[in-house]
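Protein sequence lines, in the order shown, are assigned to chains E and A. With UniProt numbering, letter number 560 in the first sequence gets 560, and the count goes up by one each step, no holes. With UniProt numbering, letter number 614 in the second sequence gets 614, and the count goes up by one each step, no holes.
Since the hints were derived computationally from the structure, they do not count as laboratory data. Just so you know, nobody snuck in bad clues.
Chain copies aren't distinguished; within one or between two, either way the pair holds.
Simulated pairs of lysine-lysine, PhoX-like, Cα-Cα distance not exceeding 25 Å:
#, residue 1, residue 2
1, K263, K365
2, K601, K635
3, K635, K669
4, K98, K655
5, K635, K552
6, K536, K348
7, K323, K338
8, K531, K365
There are 2 protein chains.
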Amino acid sequence: MDLTALRKSNPEHWDKAAAIRTLTLDAVAAANSGHSGMPMGMADVATVLFEKHLKFDAANPNWPDRDRFILSAGHGSMLVYSLLYLTGHADVTLEEIKNFRQMGAKTAGHPENFLIDAVETTTGPLGQGISNAVGFAMAEEIQRAHYGKKVVDHYTYVIAGDGCLMEGVSQEAITLAGRHELSKLIVFWDNNNITIDGTVDIADRTDQVRRFAASGWHVIEIDGHDPKAIDAAITQAKSSKKPTMIACESHIALGHAAQDTSKGHGALTDQDQLKAAKEGYGWPHAAFEIPAAVKSAWEAIGTRGATERAAWEDRFAQISERKQAEFNRAYAFEAPKKLAGAIRAFKKQASEDQPKLATRASSEKVLGIVNPILTETVGGSADLTGSNNTKTADMGVFLPENRKGRYIHYGIREHGMAAAMNGMALHGGIRPYGGTFMAFTDYARPSMRLAALMKVPTVFVMTHDSIGLGEDGPTHQPVEHLAISRATPNTYVFRPADTVETAEAWELALTFKDSPSVLSLTRQGVPTVRKDHKTKNLTAQGAYVLADAETKRQAILIATGSEVSLAMEAKAMLEADGIGTRVVSMPCMELFAQQDEAYRKRVLPGGTVRVGIEAAVRAGGWDRWLLGERGREAKSGFIGMSSFGASAPAGELYKHFGITAEATVAKVKELLS
Amino acid sequence: MDLTALRKSNPEHWDKAAAIRTLTLDAVAAANSGHSGMPMGMADVATVLFEKHLKFDAANPNWPDRDRFILSAGHGSMLVYSLLYLTGHADVTLEEIKNFRQMGAKTAGHPENFLIDAVETTTGPLGQGISNAVGFAMAEEIQRAHYGKKVVDHYTYVIAGDGCLMEGVSQEAITLAGRHELSKLIVFWDNNNITIDGTVDIADRTDQVRRFAASGWHVIEIDGHDPKAIDAAITQAKSSKKPTMIACESHIALGHAAQDTSKGHGALTDQDQLKAAKEGYGWPHAAFEIPAAVKSAWEAIGTRGATERAAWEDRFAQISERKQAEFNRAYAFEAPKKLAGAIRAFKKQASEDQPKLATRASSEKVLGIVNPILTETVGGSADLTGSNNTKTADMGVFLPENRKGRYIHYGIREHGMAAAMNGMALHGGIRPYGGTFMAFTDYARPSMRLAALMKVPTVFVMTHDSIGLGEDGPTHQPVEHLAISRATPNTYVFRPADTVETAEAWELALTFKDSPSVLSLTRQGVPTVRKDHKTKNLTAQGAYVLADAETKRQAILIATGSEVSLAMEAKAMLEADGIGTRVVSMPCMELFAQQDEAYRKRVLPGGTVRVGIEAAVRAGGWDRWLLGERGREAKSGFIGMSSFGASAPAGELYKHFGITAEATVAKVKELLS
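Just chain E, same shape as in the assembly:
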């Protein structure tokens, strides 16, 4: 690249982009870690995007109708931090830039949505940002259909690297976007032909242009260092009827000795090379120094959207107060006041009717109550709608011809679904839930973890939650998946026992503002165990005494989900033998752990034999309740799985693996003897 020619052809642009490049070099050098090359390569694209197209107001990073900018290639975090600092975002001061990657800094190694307002989503695990972006774009379409384009009308821009495009989840994302003609989604591909191991070619020769076209995208190919071409491509993309991928041929670590090499991908810290690069940029300034003219040019970009934002505020004030309240409520993740009453009435009815229903079917009934009240829910399933019971009559199917549809057929794309749901929640105004089989937690895991890390209240509806699904066999039978989700910080795992607990679990999941929930639901029918209506949400305590010992308490059975009714059967048998037995239903271990010691002690007093029952591995959090929490005062045991399942009818599997009332009774007697 002839940098001098580039600089001369458009010096104002050049200096703005050079500010990004030099801040990146300086911050990475100071931290002695990080990724220099990507921000240096994409500085031109980002500069043109922010200067001429991105609708934002640095003073109001949460303005709901802003365009969204997502750096899917999150390792290039200094690109975002530079842009935010230069445009005058309060979160990112020069001090923060200097503290890049240091303890307590907002400028973390990868961009974290919970540290900086203007960081729309946490990226770093590759492929996530571009997949979140599909959810952002869906949320925009759904909200625009609902509120009108005077209130909702914005674009979602993404910068994705070769890594993002190699990750399988990107295929799920782009084919989903293509199918739904998400025309306001615009992805820049940082086509620098470099990965950590070498040139892209060493591992991949995909014709990305053809691939995106095959997925229903509009594709534009440009020189990623030509400001005019970048501008023209964005203008063209904005009027496309399809999502657009702009392939930007770029040079990683532009102007540095490591340009166009794998070394350029990482931390460039050599002071001499850094100096030489700055010389090449025509940048004589000290480290971290941005000349006043350049800084003020950038700050003008940061305030460019203020007028537009003000105009938006006026337009927003003109919609009905009811709509305004609904909009603000949904953005705040506030459940409507009506929800609690509706859930209570539903629970009362269920306690009276005492249906024997699979909890997935109970879940559908709850959603039938919830969805008309929470207009912000968007449901879906990864091609298991009838099995996950996630669709209710009022939702309508989201399609290009029906943008008001609130149900998404995600296709066989569990990972893409989870990532898109996170994107919708992050966009704001939407409370997403989506279903698959619980064993396919594995497919959705990277995004489920990020939901927890990013503090978004995505709801994962995981049905067919044990060997109780029967004949489909071990590939489809979760045994370790409760353990997986329970081991994940900031994740609430609900395994409701019946229709009533299912309603309670949903009420909680729909009330959370900053934690995802996993609903673990049965395929098979389970009887109602909550026969006495209680106004209070007992699931909110995580565990509670469902039925106490009728004579002197000698045993406590602790069970979840489908095994609670089995515990009740075992209790009846034990009581018949004169063994006073308490049954504790434990639909949510995380919530129980949060209760105070006194409550936990009331539910799980010491000195009594305990048996845990769950058709899953003991590693799923059980030892704390069996051995800890005063458990050392008496013996304890566990009835559950210790291997993968098998293919056979559900009833036979329960017997085969020894998860029965009889086995429970035998275990209690053994422990008492």
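Based on these hints, arrange chain A on the given structure of chain E.
Okay, now just chain A, sitting in the frame of chain E:
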């Protein structure tokens, strides 16, 4: 479809295919569960493939040079079972067909490699089979380069459905196959335009032909019910220089009232409709009855390969005895006898040198010893070669121009890598290992679980295994991933403390025949703690006393990996205060759990305060060692993580999260007080 015309145009073919269709209908009806439509739709393709192309010998399903047939759309398991029964495989009798999906039957809901010899890989979780197949094809190339095409020369055939192609992992697989020009990989796409939720169109409009072409594949489009077209396409595919995708336009549940509908995907059990379908096929026979002529035609297909197999045996006998032994040893997953001695010598040297090395770097040193001895290892990394330390000098890079290369640059495809590794192990003759960051266990999870279920000894090299990786921050810092792998049945998780334990862990991983291993390795340097050479592999016991109390034992510190040296520091501080402290290194919980009670009691006697130390969540199996195993006899505590990590230098993070020798000392004193 005009079935009569089809039947008349080729009655012999028709009847053979009808046998598959009717067995499927009968078995699913008997089980009252399963998936009828897929085998009915792809019966013609499968019949032509088995009749005219697939190299196999039903009497010898493990013949190493057979062609591999993989049903990626595993829900259509009756297709495989029908084919195996009809061709006379001993594993699949008529009785097995009649017991489809019943307890103890080999004919499980989805095909399980560990139940039936001729089932090459377990499928059902969509996208896995086609991704395993890439590993099968790589294994064939590598082995062919090593042994010559007289010994290794076969194809890998796959039937994949729309679900397989929508899953992101399929993109990783097909782009990897395309890059490596795996010309002996031939995929049939069951293009029936139906998924569970409706027509494919509801969720996906991908132009699959264009997508595969963009990934470097040869594509052929045919009518999937035209035997001549199928035959011609396979013939063409076999001589292609690229992998081939044959798009087979097909009718799900062909000839049934549910043909071409979502209902046809599932269990078709209505007896009248079943009868009508059979009438349409011109099939007057009773349920499960195959006319003798049809059965014997199929059995002739089953024995067609016997001559070829015999000829292969002759050719195999002509290669050197050394090569034969090596070939057989690798297929049996037997480690060479030299391995043990080499590991011992390495350990001795390490105990003398006492290096301070990251365990990932120790791992590279071990591989430097291992790879020249185990010629069957194939290493790789998902674009983190320099970070995972997975490449050794002697391996060579696998590329079309170097099929002898034993190192694979998998690209940014953790999931595809894991699936391909499983495929190589399943193919036989290869012992695969591959690396990524441990946090990206999440991406590889679906295939890691399947490795355990399928009982293949794939080795997952997971580096950067804690907050010890530092500045990259919480997205890259595993906290729950040890818990995830430890909760998975049949998975050995090794977290070695130093160079010596790393060598011991590798020795074990390379000796397993039917369990995968996860190696949890540090980014950061750790001192040697095994300073006294022991010939015995202490890691094989899972946990052992690394250093015993110097005075009366008052505390036991149990630690893994990078925290073992921290435990040793804490011990020194405690002993200085007169508190006799034992340090137990616990590199593999699963192996320790397998030791007898007496050994476990010797290592973890009761009555002594215990503290576990691991920079991960306590849910990772700790409660058993802290609260169980005589833990109730004294107090215990845990030093580790209870939240996600943060971005900062590693040392600061350890302090910030309270994982220090000082915190350990304080915890012991608190428990003793």
